[in-house]
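Based on the provided sequences and hints, a complete structural model is requested.
One line per chain: the protein sequences are G and R, in this order. Each residue of the first sequence is one higher than the last, beginning at 10 in my numbering. Each residue of the second sequence is one higher than the last, beginning at 545 in my numbering.
It should be emphasised that the hints constitute simulated quantities derived from the structure, not laboratory data. Any given hint might turn out to be false.
Unchecked claim - Some, not all, of what chain R presents toward chain G, calculated at C-beta under 10 Å:
| id | residue |
| --- | --- |
| 1 | Ser641 |
| 2 | Lys642 |
| 3 | Gly645 |
| 4 | Pro646 |
| 5 | Arg649 |
| 6 | Asp675 |
| 7 | Thr676 |
| 8 | Tyr677 |
| 9 | Ser678 |
Every residue gets a Cβ at the ideal spot worked out from N, C-alpha and C, and that includes glycine.
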Amino acid sequence: MAITNSYIQEKLTEKFGEQVTNFEETYDMLSFESPKELNLKVLQFLYDEPTLSFQFMTDLTAVHYPKQVGRELAVVYHLHNLVENVRLRFKVFTDVNTPDVFTASKLFEAANWMERETYDFFGINFVGHPNLKRVLNVDEMDYFPLRKEFPLEDQTRIDKDDEMFGRG
Amino acid sequence: MRPVRFNINAKTANIADAIGAPPPGFAGEGFFTTKMSDVVGLARKNSLWPLPFATSCCGIEFMATMASHYDLSRFGAERVGFSPRQCDLLMVMGTISKKMGPVLRQVYLQMAEPRWVMAVGACASSGGIFDTYSVLQGIDQVIPVDVYVPGCPPRPEAIIDGFMRIQDLVGQESVRRRNGEQYKALLNSYGIE
Numbered sequence: 010m011a012i013t014n015s016y017i018q019e020k021l022t023e024k025f026g027e028q029v030t031n032f033e034e035t036y037d038m039l040s041f042e043s044p045k046e047l048n049l050k051v052l053q054f055l056y057d058e059p060t061l062s063f064q065f066m067t068d069l070t071a072v073h074y075p076k077q078v079g080r081e082l083a084v085v086y087h088l089h090n091l092v093e094n095v096r097l098r099f100k101v102f103t104d105v106n107t108p109d110v111f112t113a114s115k116l117f118e119a120a121n122w123m124e125r126e127t128y129d130f131f132g133i134n135f136v137g138h139p140n141l142k143r144v145l146n147v148d149e150m151d152y153f154p155l156r157k158e159f160p161l162e163d164q165t166r167i168d169k170d171d172e173m174f175g176r177g
Numbered sequence: 545m546r547p548v549r550f551n552i553n554a555k556t557a558n559i560a561d562a563i564g565a566p567p568p569g570f571a572g573e574g575f576f577t578t579k580m581s582d583v584v585g586l587a588r589k590n591s592l593w594p595l596p597f598a599t600s601c602c603g604i605e606f607m608a609t610m611a612s613h614y615d616l617s618r619f620g621a622e623r624v625g626f627s628p629r630q631c632d633l634l635m636v637m638g639t640i641s642k643k644m645g646p647v648l649r650q651v652y653l654q655m656a657e658p659r660w661v662m663a664v665g666a667c668a669s670s671g672g673i674f675d676t677y678s679v680l681q682g683i684d685q686v687i688p689v690d691v692y693v694p695g696c697p698p699r700p701e702a703i704i705d706g707f708m709r710i711q712d713l714v715g716q717e718s719v720r721r722r723n724g725e726q727y728k729a730l731l732n733s734y735g736i737e
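Quick look at the structure:
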């Protein structure tokens, strides 16, 4: 029996009640969110529940929404049920001033590297991660480049002539 | 605003330099006298060992340059070395990220004097289109560069032209240059020695 999005939603609401919210379906893929304190409980439930068994983490990343005050950073988990071939997205939001989210690396080995990347680019502090340090950027970097307040262009450069780049 | 600068003193290539014409000197029956530095320069410039440091598409153009159609070995650069200890010319071809910068610098430091550096393509010369937090804005931020080859990527002809400019530099270099104060100051400005 293929599990449907409404079935997943039903199971989650049954277990977590009002705490899982914002269910929506885009291109047949379910996405929902929960408070960040519950992220491990939800992931564990989706993993252990025999009829759901989302036991494969496809992706883990973050998004910065500078205009949503108090919930600027979203951590997004992409999960996959390999038996039924069903995918879902799970988001937790956190304040940019206290970007502490529990690590999923105990549950999914794949989360180890992806949480390091997410820390590298967004500065999410994954509490309990065994080795949370930069992985792609230089170690000396003192900011998180994919947060929106940092300009994309290299700021150390002084020789660029704006006129030659069409923005003079 | 900084004025746009163009190269108003562009040099045209002298074909005699390229084909290794004999330096000025005094010739007689069975002998030829000339300056030591000219002989050394002639020998060096026609037997450069390139060390390709290819990280992206410019490296593909370099492969074409080495292959039979363009054939860089015509210029005495037959032997591409992959050990920095043995090579004279570091050819940096491609985007160098900030994380790669120390690696490139280490490779440069491992090369024995005399050594030359050629930045091939827009990325190696200036960061190119990658004006971003992760890319080194030109390799001349970490090592001194002798010749810049423009292009994105440059055609093999451009790489060969850059190589011939390197040959000019090598052929005309004084044998004392590498011991001079000016050269030492240049290296010191990059924090070397």
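Quick rundown of the hints versus the structure:
At a threshold of 10 Å, the smallest CB-CB gap from Ser641 of chain R to chain G is about 8 Å, leaving the interface hint in force. Satisfaction of the interface hint for Lys642 of chain R is found here, the shortest Cβ-Cβ separation to chain G being roughly 5 Å, below the 10 Å cut-off. Taking 10 Å as the C-beta contact cut-off toward chain G, the hint placing Gly645 of chain R at the interface holds, the least distance being around 8 Å. Against a cut-off of 10 Å between C-beta atoms, the interface hint on Pro646 of chain R holds, since the closest Cβ of chain G lies about 9 Å away.
Given the 10 Å rule on beta carbons, the hint for Arg649 of chain R is violated: about 13 Å separates it from the nearest Cβ of chain G. Interface restraint check: Asp675 of chain R against chain G, minimum CB-CB distance 5 Å, threshold 10 Å, status holds. A distance limit of 10 Å between C-beta atoms decides the matter here; for Thr676 of chain R the minimum to chain G is near 6 Å, and the interface restraint holds. Satisfaction of the interface hint for Tyr677 of chain R is found here, the shortest Cβ-Cβ separation to chain G being roughly 4 Å, below the 10 Å cut-off.
With a cut of 10 Å, the hint placing Ser678 of chain R at the interface with chain G holds, because the nearest CB-to-CB distance is about 6 Å.
Checked against the numbered hints above, the structure breaks only hint 5 and satisfies the rest.
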